[in-house]
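Each protein sequence line maps, in turn, to chains A and B. With this note's numbering, letter number 69 in the first sequence gets 74, and the count goes up by one each step, no holes. With this note's numbering, letter number 23 in the second sequence gets 101, and the count goes up by one each step, no holes.
Don't read these hints as lab results, they were simulated from the structure. Think of the CB as a built atom: it goes at the ideal place given N, C-alpha and C, for glycine as much as any other residue. One or more hints might be untrue.
Per label pair, the in silico range of CB-to-CB distance [claimed, not checked]:
#1 THR123(A) with GLN164(B): 46 to 52 Å
#2 LYS179(B) with PHE114(A): 40 to 46 Å
#3 ILE177(B) with GLN84(A): 15 to 21 Å
Below, in silico cross-link-like pairs of lysine to any residue (SDA-like), each with a Cα-Cα straight-line distance of 25 Å or less [to be verified]:
#4 LYS179(B) with GLN84(A)
#5 LYS179(B) with ILE113(B)
#6 LYS179(B) with VAL19(A)
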Amino acid sequence: MNIAFYLAAAIAIVATLQVIVQTNAVHALLYMILSLLSVAVIFYTLGAPFVAALEVIIYAGAIMVLFIFVVMMLNLGPQSSEQERSWMNLSTWIVPSIMALILIAELVFVLTQGASGTTGAKVIEPQQISLALFGPYLLGVELASILLLAGLVGAYHLGRGRDQRIERNV
Amino acid sequence: MNVATVPMNVGLILAGVLFLFGVIGIIVRRNIFFILLSIEIMLNAAGLAFVVAGSHWGQPDGQVMFIFILSMAAAEVSVGLALVLQLYNHYKSLDVDEISKMSG
Numbered sequence: 006m007n008i009a010f011y012l013a014a015a016i017a018i019v020a021t022l023q024v025i026v027q028t029n030a031v032h033a034l035l036y037m038i039l040s041l042l043s044v045a046v047i048f049y050t051l052g053a054p055f056v057a058a059l060e061v062i063i064y065a066g067a068i069m070v071l072f073i074f075v076v077m078m079l080n081l082g083p084q085s086s087e088q089e090r091s092w093m094n095l096s097t098w099i100v101p102s103i104m105a106l107i108l109i110a111e112l113v114f115v116l117t118q119g120a121s122g123t124t125g126a127k128v129i130e131p132q133q134i135s136l137a138l139f140g141p142y143l144l145g146v147e148l149a150s151i152l153l154l155a156g157l158v159g160a161y162h163l164g165r166g167r168d169q170r171i172e173r174n175v
Numbered sequence: 079m080n081v082a083t084v085p086m087n088v089g090l091i092l093a094g095v096l097f098l099f100g101v102i103g104i105i106v107r108r109n110i111f112f113i114l115l116s117i118e119i120m121l122n123a124a125g126l127a128f129v130v131a132g133s134h135w136g137q138p139d140g141q142v143m144f145i146f147i148l149s150m151a152a153a154e155v156s157v158g159l160a161l162v163l164q165l166y167n168h169y170k171s172l173d174v175d176e177i178s179k180m181s182g
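Construct the entire structure; sequences and hints are all you get.
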């Protein structure tokens with residue numbers, strides 16, 4: 006299981022790096038799906054099979070499909086990939102990358118100070134998660150439902166066609 | 079089912095590295111579509127940190143937080159992508175610098 010964790014971690018890092026350097030939106034999305042699937046494997050090895058399934062079903066399944074739908078609706082041609090490539094010169098990359106490298110170095114330094122525990126205390130069954138979710142976290146569930154309703158209404162309002170709005174104004 | 083017993087540092091550093099990739103993506107990219115994708119990377123990395131910590135303590139709370147992050151990401155991305163479609167209809171471009179002219 007440890008080997009599976011480290012392999013999935015390496016794949017997650019490489020795939021996520023590919024997401025932010027790709028010029029083609031569809032290629033970036035496919036790398037993003039690979040990254041999410043490897044994070045799902047990490048969740049499974051850490052003894053969290055329920056959220057591993059949720060990661061595959063909701064993140065890689067639903068949210069990424071939404072992104073792919075939008076890419077298809079935008080119908081970006083090869084010239085958008087060319088434009089992305091022209092925006093991606095070294096001078097835009099160098100400063101953020103150096104700052105991020107410094108932050109990663111600091112993070113590694115801080116996290117390697119002192120003793121650290123290990124993961125994998127035990128496998129957490131879906132039953133325990135449900136009992137926590139609908140027990141002490143019930144208020145959070147209600148707030149999440151309100152948030153999802155707001156997202157639904159907002160997406161419907163923004164996604165309406167332009168013709169309907171003109172009719173309304175007239 | 080046996081469980082990976084890696085040091086918790088490794089999992090948290092992995093979450094931090096993925097989060098910083100998202101930060102670099104937001105700073106560097108000018109395409110609003112890739113900026114939304116970078117936000118997804120950052121939310122996913124935050125959820126990974128919660129699950130790693132929950133795995134250390136053997137408690138379900140970390141996974142409960144991950145479920146909340148997941149629902150928030152779903153709501154955010156639906157509104158964000160609807161905005162992307164609207165902006166593309168108005169400006170015929172996904173460049174965020176074009177959109178900054180909106181203030182005038």
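In rising order, the numbers of the hints this structure does not comply with: 6
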